[in-house]
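Participant: Take the two lone chains, each set in its own frame, and fit them into one complex as the hints suggest.
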Amino acid sequence: MKVRLKVKRHDPEAHGGQASRYSDYTIDVPEHITILDALLEVRDYHDGSLAFRYSCRSAICGSCGMRVDGRGRLTCKTKVTDLVKTEGQEILVEPMGNMPVIKDLVTDMEMYWSKMDQVTPWLQPADPGPERENLVSHEAMLDLAQTMGCIHCGVCVSDCPVLEIDKSFIAPAALAKAHRFVDDPRDAKTKERLEELSAVKGGIWDCTRCNMCVEVCPKDVRPMDRIMQLRELAVKAGVASGTGARHGEAFVDSVQRLGRLDEMRLLPASVGLWNAPRLLSEMPGALRMLRAGKLPWNHALPWRKPIAGIKHVRRLFDRARREKKEASS
Amino acid sequence: MKYAFWPGCVSKGACPELYDSMILTCAKLGIELEEMYDGNCTGAGVISEHEPKLADLLNARNFAIAQKMGHDLVNICSTCQGVQSMVQEKLDRDEEYRAEINAQLAEEGLEYKPGLVIKNFMWVLVEDYGLDKLKEKVVRKLDGLNCGPFYGCYILRPSRILGMEEHPERDHYLEQIIEAVGATAVQYEGQDKCCGFPILTNNRKNSLTQAGTHIGSAKDQGADCLVTPCPLCHLNLDAQQPSAAEVIQRELNVPIIHLPQLLGLAIGIDDKLLRMNRHVVGTQAVLDKVMAAVEA
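Chains A and B are the protein sequences, given in the same order. So for the first sequence, my numbering puts the first residue at 1; every next one is plus one. So for the second sequence, my numbering puts the first residue at 330; every next one is plus one.
Just so you know, these hints were derived from the structure itself, not from any lab. Treat the hints loosely; a few may be bogus.
Unchecked claim - Below, a list of computed lysine to aspartate or glutamate pairs in the EDC-like style, where the Cα atoms sit at most 20 Å apart: (1) A/Lys85 x B/Glu440; (2) B/Lys419 x A/Glu164; (3) A/Lys305 x B/Glu429; (4) B/Lys534 x A/Glu164; (5) A/Lys324 x B/Glu429; (6) A/Lys167 x A/Asp184; (7) A/Lys85 x B/Glu494; (8) B/Lys382 x A/Glu90; (9) A/Lys79 x B/Glu494.
Extracted from the complex, chain B is given alone in its bound form (with noise of 0.2 Å):
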């Protein structure tokens, strides 16, 4: 299993524990992963709000390079997944438009043919992998570890560009791993929803409340932690959740891990390699609760 792997701006800069914890994590699994080092941003979304045209060009020259690469592309960020659900939608669909961005890219010697497979690394887990097999990889089981799945808005919607019709259950892929390692999933109210980073900077007030108030419903419902394939919501709920539980006037305290360093904690690498110091909101009650297990 080889893929040309996209690790996105952000576990390239703020949260480089994701970058660590996804390739230790990936070599342990013996999942192969080709960088993509040349890659640009995808926007994120906020290009295509003000010139659409530029960021599909962009994300098109990504996809050559992963074809040129010969590999699937894998990502490990549900807004990267979103962007380039939706640019690749629309390059599929229009054959005209796509020469036109086709010719575009020539110059660099590089084209966009339709059909790449492009996964988030929580699909690539469930569908390629196989959730019985990371079974089979897991040495310490995280009995008694309760998540609180969170899975970022553009992963989930819209369903239409996102292979929901093909593969129904994305929507529940982060319970189903969460399980498969031996932890317990646990809904609340506000898995699904929007963590409000995108507005961080405009309205930190409903950004934060947003944040906080998922973040106090998964405690509610007895979550240790959160697990999220979004490293931007985890930097909204992460890195700002003591701003966030202040906002909201209640203390919150719940350590947000990446969905590698679950996985990784799983499969018995070292939580310093997985670099589980590396967030705002300690995680030392998340690693007492594997120890524990383990022991018992």
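With the rest of the complex left out, here is chain A (with noise of 0.2 Å):
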């Protein structure tokens, strides 16, 4: 089958507009292909210049992060016929994202192994530690099996719309890792990474939880549900006292009084009734949605009916707080 492929170029060393453009490409491939095999026969056949990154070909080592079509993947688990679906349609070739471009398709991912660096990613286990083998688990090691399955390529990284905006979000891969350890039944400073974890900037509690991770993983690592099992661990051990956390336990308290949400009181619990300065900056938007009628005031009286079934929702509520407090013990 045909192939078109639109590349986009970057040559460090040339100046001005020269530097980033893209190239097209016209071949003529099996149609079995992937995205990898068609880059190396437009390398080997049609232009030495085009750089890429890449090794195994089989998804293990994780080298060949690109963007294509607008979204991270692995471009040796790609196929053509994955993304072309009517004949002649152009495939974009793009660098990875949120990282720096060293030329073409060859990104810098200095950035990504210091993210890695800052959660700690290996064991620490208690002083002294266990006379023989330490034994785990099986029960214990599979939820962890999934995230060890990364493979560190980068595309959920490239792609996390966060990081777009703010470079100190740890970002999806070291987030998922750092769950890895706080998890492992070895590990001895659990509470201590949860800490850190939660308090400090870019921490867990600055996922917006998009799925973008999710999507792009090719390894199903998850790694926002790897974020969300954080969530839930800091505020088990007791260590997540920030907005985030509050904004959580308002909410589940809302639907447990109400059977529904209570937006008018979720803001200032959230935030917390002391925080005088922030509930202060929070008046011109409220103003704003109350004379757009956005303001349900009358929610917020103290006398508003709860959902018919309540009681039932209630019971939902304690038979699942039994049997998560009996697991638990």
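Facilitator: Written out as structure tokens, the structure is:
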């Protein structure tokens, strides 16, 4: 089949407008090939100057992450036919986002690794350690196995929308790695780790839960789900005292009380009633909403009625919590 | 066409214009809605963050209520859709877990049986109602109105639970609907990204930078307004827009229209009934364009 590729180029030695450009290639290849195969075909037979990184070609080494048709992908795992739906459709290949480009499709992973460093990605066992092997249950490791599947390709970091606007965000890959050690029964620094991850700038509470990393991860690590697990562990360990944790609590309380969301009390309860400066800073916004009829002030009245089946909802709350308590004791 | 209608908490609270425009638009399109008055909050992903099983119980209760009513479930919130699809996938896959959940629902005389159809209004329009039929209902073609689609995360990701295999164009429906009512869909960077709402209380600057950046990029591509199927996105993009403009230090002033409002305008419902005045960012510029198209 004929495949049309539009490839973003970057030449660090060129000046000004020459540094970044696009090259178009049309190649004739078998239908079953991957994006990486197509790039190799280009490099070997059409344009030897095209630079990209790869090694195993089998979705194991994590070297060939790129942005294809606007999304981070492992190019050795993405087939041309996954993307081309109509004949002659062009495929756009760009370097990963959120990191500097060295040349063409090769990005500088320095930031990726420094974030990985930031979460102390090794076991810190109790001292003294066990006399013999450190035995752990299968159950305890099962959940971690998925996280350990990370091959450090960087596509989740490439496409993370929070990192786009805040470079301090530790970002999905490293936070998922943090979970792998926090939840490892052999690690003795669980509480300290959670404290740090909760309090540090760019920590677990800055994730917007947008699912982008879950969507792009080629190994189904589901980094965002790990971040959510870290949040739950932080709350359980009693180290999460910030707005994010209070927001969760206030949200759950309102559903238990009304069966519905109590938006009038959610913001004050989240930022903290003692936090006068922050509450004041929200006043202009609240007034704007009130003027537009978007502040359901009557919902704040103490006699706001819960939904008809509230006793059933509350019963579900009680049951779920009792079960949880029994399970942890 | 009759659906069990789950309005979500926001259309009953901070976005009453969404609720009203949904009711009026569906009535005029001939889509019957039977509201789930006794449904409970889906938890918006917040409850599942801390108490996953509780979130499953609460959502299963809603599903069972819809099944008792005997209809497919329609929601008008990307966030509700994401949470509901996620829970449904879990319940439908795992018979043992489902039995455990159902044991808790039994006291209320409810039971969830796998296979309930749960659809956001946007999906219903394209898949059940049909764009051709929608086009027939248009009495005011929205010619010349440039709309930027804004989906909201949970109706796009994770795609494995959102029926994208069966319906691979679900991530383009908003553009298709915009074009069907005669308006122009504007493509821009950020249309499938996060509005920032979930971290508004926790990291206001990041949240508003995200909202502002997306609105700005739509504006750069010539959008007169954004259209969204998600009221939570609406809140961050509309109600917080003046603050977002301050944070990113750029003038924005881009109206944020709910999907049913866009349809309502096209099928000839009075803008006051659609509560186009219940927005923080004024919608007059949009209405002027609509009227100009009618007069032309």
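Participant: Could you run down the list of hints and mark each one as holding or not?
Facilitator: Hints versus structure:
no. : hint                : verdict
1   : A/Lys85 x B/Glu440  : violated (42 Å)
2   : B/Lys419 x A/Glu164 : violated (32 Å)
3   : A/Lys305 x B/Glu429 : violated (30 Å)
4   : B/Lys534 x A/Glu164 : holds (13 Å)
5   : A/Lys324 x B/Glu429 : holds (14 Å)
6   : A/Lys167 x A/Asp184 : violated (28 Å)
7   : A/Lys85 x B/Glu494  : holds (14 Å)
8   : B/Lys382 x A/Glu90  : violated (45 Å)
9   : A/Lys79 x B/Glu494  : holds (16 Å)
Against the hints set out earlier in the document, violations occur for numbers 1, 2, 3, 6, 8.
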